[in-house]
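Participant: Sequences and hints are given; from them, build the entire structure.
Protein chains in written order, with this note's numbering: chain A, 1 to 262; chain B, 263 to 549.
By construction, these hints were calculated from the structure, which means they are not laboratory data. Just so you know, not all the hints are guaranteed correct.
Some chain B residues well away from chain A (every beta-carbon gap over 12 Å; in silico) [what the hints assert, rightly or not]:
no., residue
1, Y320
2, V321
3, L408
4, R419
5, R451
6, D455
7, R465
8, H466
9, L469
10, N501
List time: in silico DMTMM-like cross-link candidates among lysine to aspartate or glutamate, alpha-carbon distance up to 25 Å [stated by the list, open to error]:
no., chain 1, residue 1, chain 2, residue 2
11, A, K93, B, D272
12, A, K93, A, E163
13, B, K331, B, D518
14, A, K59, A, D214
15, B, K326, B, E502
16, B, K395, A, D35
17, A, K232, A, D35
18, B, K395, B, E414
19, B, K364, A, E252
20, A, K175, B, D272
21, B, K395, B, E411
Residues on chain A that point at chain B, a partial pick, calculated with CB under 8 Å [to be verified]:
no., residue
22, Y13
23, V27
24, H92
25, V110
26, V141
None of these values were measured; they are calculated from a predicted model. No residue lacks a Cβ here, since even glycine has one placed at the ideal position from N, Cα and C.
Here is what each chain is made of, one letter per residue.
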Amino acid sequence: MRNIVISAASWVYATLVFGFIFLPVAVLVLFSFQDGRLPVPPFNGFSTQWYAAIFADRKLMAALGNSFVVALLSSAIACVLGFLAAYALARHKLPGSALQRGLLIAPMTVSYLIIALGLLTVLNTFGIPLSLWTVGIGHVVINLPLCFAIIYSSMGDHHINIERAARDLGAGDLKVMVLVTAPMLMPSILAAFFLSVTFSWDEFIIAFLLSRFDVTLPVEIWSLLRSGLNPKTNAIGSLVFLVSVAVLMLLEFTLFRKTGKS
Amino acid sequence: MPTLTLEQSDRRNAWGFVAPALLWTLAFFVVPFLFMAAMSLWSRQSGQIVKAWNLDNYVAFFEKASLFKGLVNSLEITLIVTVLSVLLAYPLAWIIAERVPKRFQRLALIMAVLPFWTSYVVRSYSWLLVLSKNGVVNQTLLTIGLVSEPLELASNRTATVIGFTHFFVMLLTLTIYANLIQLSPNYRRAAADLGANAFQTFRHVILPLTLPGIMTGAFLTFVLCIGDYVTPQILGGNNELVLPQIIMLQLGRRADFPMAAALSIILMLAVTLAYVLCARWLKIERA
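Facilitator: If you want it as structure tokens, here you go:
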């Protein structure tokens with residue numbers, strides 16, 4: 001009897017909280033198909049006109065492309081730098097290694113706004129023009145600690161013997177790293193990479209403060225918001241959401257399913 | 263002997279491997295931060311930034327109510343959001359860990375965080391669709407006749423809190439679930455053997471054991487929430503500005519970089535203080 005009460009209460013609670021979690025997203029997606037100018041009730045009928053509108057919007061599509069390039073490039077740089085640093089600090093005894101680790105992790109503890117503002121003051125002072133490059137630099141700053149931490153924590157000692165064997169067979173440091181260590185750590189390197197891509201893709205404040213003419217998608221959506229409630233915003237938001245979920249599902253059923261079982 | 267030289271050349275290599283990451287962090291994080299700290303001691307007079315070293319900006323922060331209120335608003339909103347999110351997320355995480363069959367747990371968890379994958383700006387905007395004057399909630403209330411005039415649900419503190427809580431319930435469900443699932447069932451069995459009822463077991467065994475996870479999640483919530491500009495700007499209206507909004511105002515209209523820098527330092531001190539306060543519960547894991 002008690003158990004039934006707890007079960008029922010659990011179901012009710014879970015349903016309510018899941019409802020809270022899904023409500024805004026459901027509304028967003030539903031009214032992206034609104035046949036009318038306002039993405040609020042009543043729902044006038046099904047239309048894909050707003051999806052056509054966003055694909056016809058050159059600025060929005062350019063921002064989409066920019067976001068891709070910035071996310072992939074900055075994540076790749078963050079991963080390579082993070083991997084190299086993790087390899088050096090996990091496999092070699094360097095003086096002050098605790099301090100080095102602390103320094104590499106430090107940006108994680110500071111608000112993005114402050115990181116952006118710091119970079120902005122320096123760029124302004126030296127007269128360096130804002131561009132997608134400066135956005136990318138900022139995104140490497142926020143993703144490097146993440147990549148370093150993920151890859152460093154996966155460099156267990158059990159890999160050392162395999163690396164030693166490679167060394168005994170005459171492989172140099174670089175060869176060991178590229179041909180032995182990196183492939184062994186590939187799951188965590190990929191995890192770090194995809195997480196970085198997600199963070200960079202979604203990041204607003206750094207991209208907002210450090211860009212000028214070419215902007216990333218969140219910044220372009222931000223300027224769309226000035227027009228108030230607009231089904232176009234629903235459409236681009238839903239598109240990003242649905243594509244992200246599709247990619248997530250794909251990864252879940254291929255990549256991570258495999259590594260999860262090993 | 264040859265192994266020694268190998269070690270030596272290895273160490274030189276190692277410095278080469280760690281150097282790019284260190285240099286990047288120094289050049290684009292440490293130096294800008296120090297630069298900003300220095301700038302917070304300068305001031306802006308008649309459109310020019312004057313390198314006169316003083317604490318004027320910090321004094322102004324404590325003297326001008328409009329600036330100081332920003333920190334108060336930020337702290338209040340952040341604390342409400344953190345407590346509310348923990349209270350909402352803990353039972354959900356518990357239900358997923360204890361009541362949902364093992365093979366569906368991963369799916370339930372993925373579902374619980376699915377809206378993470380909308381972009382951050384859009385997530386706040388979608389709450390506007392729900393809460394605004396002609397939004398879903400108001401239209402529903404009007405249709406069933408519960409109210410005759412639409413309620414003002416957006417553009418206030420409540421809307422900001424709802425938007426934030428939505429995000430952090432998802433985050434905390436993840437961290438608390440991860441914590442709960444690690445607990446060995448033996449703890450509960452031992453407590454039951456010693457005569458504890460379900461509530462006592464929870465209160466004296468499960469809760470203390472999951473406290474580090476809760477605190478880690480709560481701290482993360484605090485840091486992300488207090489530094490965020492997007493959610494309060496979209497949902498909060500213009501009556502109660504939070505510190506990040508005031509910082510952005512300094513940048514935009516007045517181009518007062520020294521003041522923005524000083525306010526940022528204050529924001530960072532607030533986060534540092536929060537860290538010191540929960541440091542004894544925080545367990546940053548290392549493999």
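Participant: Hint by hint, note whether the structure agrees.
Facilitator: Going down the list of hints, with the structure as the test:
1. Y320: holds (16 Å)
2. V321: Since the minimum Cβ distance to chain A is about 21 Å, B:V321 lies beyond 12 Å and the statement holds.
3. L408: The claim stands: B:L408 keeps its Cβ more than 12 Å from every Cβ of chain A (closest is about 15 Å).
4. R419: holds (18 Å)
5. R451: holds (17 Å)
6. D455: Fine: 19 Å to the nearest Cβ keeps B:D455 off the interface.
7. R465: holds (16 Å)
8. H466: B:H466 is indeed farther than 12 Å from all Cβ atoms of chain A, at 19 Å.
9. L469: Answer for B:L469: holds, closest chain A Cβ roughly 17 Å.
10. N501: holds (19 Å)
11. A:K93 - B:D272: Holds. A:K93 to B:D272 sits at ~10 Å (cutoff 25 Å).
12. A:K93 - A:E163: holds (16 Å)
13. B:K331 - B:D518: holds (19 Å)
14. A:K59 - A:D214: holds (9 Å)
15. B:K326 - B:E502: holds (15 Å)
16. B:K395 - A:D35: Between B:K395 and A:D35 the Cα gap is close to 20 Å, so the pair holds against 25 Å.
17. A:K232 - A:D35: holds (12 Å)
18. B:K395 - B:E414: holds (6 Å)
19. B:K364 - A:E252: holds (17 Å)
20. A:K175 - B:D272: holds (12 Å)
21. B:K395 - B:E411: Answer holds: B:K395 to B:E411 is near 9 Å, not above 25 Å.
22. Y13: Holds - the Cβ of A:Y13 comes within 8 Å of chain B, reaching about 6 Å at its closest.
23. V27: holds (5 Å)
24. H92: holds (4 Å)
25. V110: A:V110 check passes; min Cβ-Cβ to chain B is 7 Å, inside 8 Å.
26. V141: holds (5 Å)
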